[in-house]
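Asks: Chains as they are written, first to last, in my numbering: chain A, 1 to 249; chain B, 1001 to 1479.
Keep in mind the hints are simulated off the structure, nothing from the lab. In this text the structure is predicted, and so the values were computed from the model without any measurement. Just so it is clear, CB atoms sit at the ideal spot from N, CA and C, and this is done for glycine as well.
Under 8 Å between C-beta atoms, here's a sample of chain B residues computed to sit facing chain A:
no.	residue
1	1116
2	1154
3	1159
4	1189
5	1193
6	1218
7	1220
8	1221
9	1228
10	1276
Chain by chain, the residues:
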Amino acid sequence: MFKSIFCGLSIFCLGAVARAQGPGYVFSEEDKIYQKVADVNIAYDGEVRSLSGLYSQGPVVIALIYTRCSGVCNPFLLQVKENMLVADSDERSRVLVVSFDPRDGSGEMRRLAIRYGLDNDGGWIFATTPQISELINSVGFNPVWDSVRAQFDHEALLVGINDEGFITRKLTGLRDFNAFTSLLRSIRNEFILSYPLPNENMVFSCFSYNPETGKNQPGTGLLLLLLPALLSLVVVFVLSRRHDRKPRF
Amino acid sequence: MATLQLKKLTSVWIITILVLFVLAIVFGILMRFNQGNAIHLSPVGFYSMMTIHGLTMIGIWFVAGMAAVNFLLQRYIKVSAGINVFALVLTVIGVVMLWLVTFVGEFHTGWTFLYPLPFRGAWKEWATPLFLLALGVLGIGWFVWSAGMLFQIFRKYRPAQAFAWQHLRKGSPEIETPPFILISTVTLIGIITCLVAAVLLLVLYFAEYFSSGSFVNDALLMKNLTFFFGHTLANEMLYLGLASLYELFPEVSGRPKFKMTWYVALAWNCTMVFILTAFFHHMYMDFVQPFAFQVIGQMASYFASVPAAAVTAFSVLAVVIKNPIRWSLTNTLFFVGVTGWLIGGVGAVIDATISNNFVLHNTLWVPAHFHTYNAIGNVLFSLAFFNWAANEFGGKGHTDKFTRLKMTLLIIGGSGFVIMFYIGGAYSVPRRFNVYPQEFSSLSILASAGALFACLYLAVIVWFLVNTVNKCLKVFSAA
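Excised from the complex, chain A in its bound form:
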């Protein structure tokens, strides 16, 4: 009995310690989904407006970048631009490009828009916000300043916001057109089927993906469903071993 309690407590404590040592940050596209984006003030075209004022006019796609980025921001914005050009006109939404670097001002953002040829496109807004911490916390984005490289360590994140301000979908990384259109449909409150692909952290996946054939095969997760019945058979076998030899009818 003492051993069981000791083992149980040890597992609990070790687990708690392991948890406490974690970074507390996950690159998960499910993080913050269906939560409301912070209603921050955003500055563009020489005016300061609220984000809620913007999304209440229609769904918005937020792209988080900074102008001095020497990494993913440029290819990321280029791909968003290309995807927007290819998307059906009735599916297109406004793209709000927000800098998360406090050094960026309206001048830098204006020059960025000109560089991409989007300065006169009504579908694109290049903005800054004095409340960037609130905004990035509310969407689950956590850039980390790397003082050696003088760059932010960050992922490319696209956040879909519907007309009520809820985050309906997030896309991390440079994503293909299908993923992009699924984001555009989701911010119009269309239900999008999704199923996370098996990855190395998902030990008991119901399917294993074969990249050579491109097909899913049943995985260990489905086999795990047999376990309760098998263990119950063992329990029944063990319990029935104590059957009294002498019938007591």
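Chain A is fixed; fit chain B onto it per the hints.
Replies: Same frame as chain A, but now just chain B:
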């Protein structure tokens, strides 16, 4: 002959369950009034209430069936009082933790806590681990209780005898298995199986919770395991109630006890096997679930329910048709309960049919059918046992001059309550909405009407509670 200790323990179970039942009904009524726009609960308040309403109802009617089977098993085998106390203590601790989690921690995933909802903390940070821990505490108590009873059954009956397999062969068997033993055995095995599924589920939840992202779960696996546990437990608690019916209904009606026959044996063996895969019918909307599982889900839903329902209905009708019956509150509750179970069961089988499910899924049809076979089905089986036991403990006869009035109010209240759900389901009103969407706002009157009928039902339950508690308390003053 039940010992005084067992009577006291059963009395504590009965009183606890009835008090929690009244509170859970009040939560249900408040939710329906909110949907009817008669009162205004905050969304968090509504969903916390919905969570604790579901958890409490499932929990109390499961332990009600267990307490009844535990008490009645004493007629055939020796049952352990120690394990009964252990289960009671852990159940009380688990329930207190769950109430704390929902009302203080604002945990509001619904009782099905579908993955990954518990990790999407729109509630206090401590609520998710405490919720999972509470389920673990309840699971341990109930597993030990179930295994303890099964152990005692197998001490007297070989497994083949407990499953009544000798009745499936030709000729008269040397040893007859009482129907109560068969149903208790198959049900306890089902309970153990679904509790093992619950253990797996909790282990996977805790593994992800403590892994800081290095271990993630597969949503499909978690949903399968959740319903393996949840759907199976919800059905097994119904079978516990039926075990009491098989044991007590003929007895209190003044008729000979039910005999084991080949079809009763076959039906309940079918139930034991097929109920373990019937939960697949909860996954019809999951497009990644292998299609074969969907088919198995539909077939198992039929094979698990129809044979047992048919033999039970036949057996009950054989008792009451053209026979003089001593009608009392106990056997009236049993009889009406069978009717409610069958009506709700038909609703369930309709919903478990794939093509229908695409229309009915997540509409009010779902709460309509499960409230039917619970509120005017399984609950009445357990109330029948409570009434019978209270009369045994209270030392009075089984006559109740208000039987007709109580049953009339109970049927009107219960039926009216579920009919409002069925009408809502027919109009595709979505379930689990704290306030109806604008498209259905004109139907919110149905929710308020349902709540009013539920108030009638509640009034009878409070009346029943007062009478039953008074009788049960007499056990404690007995020498």
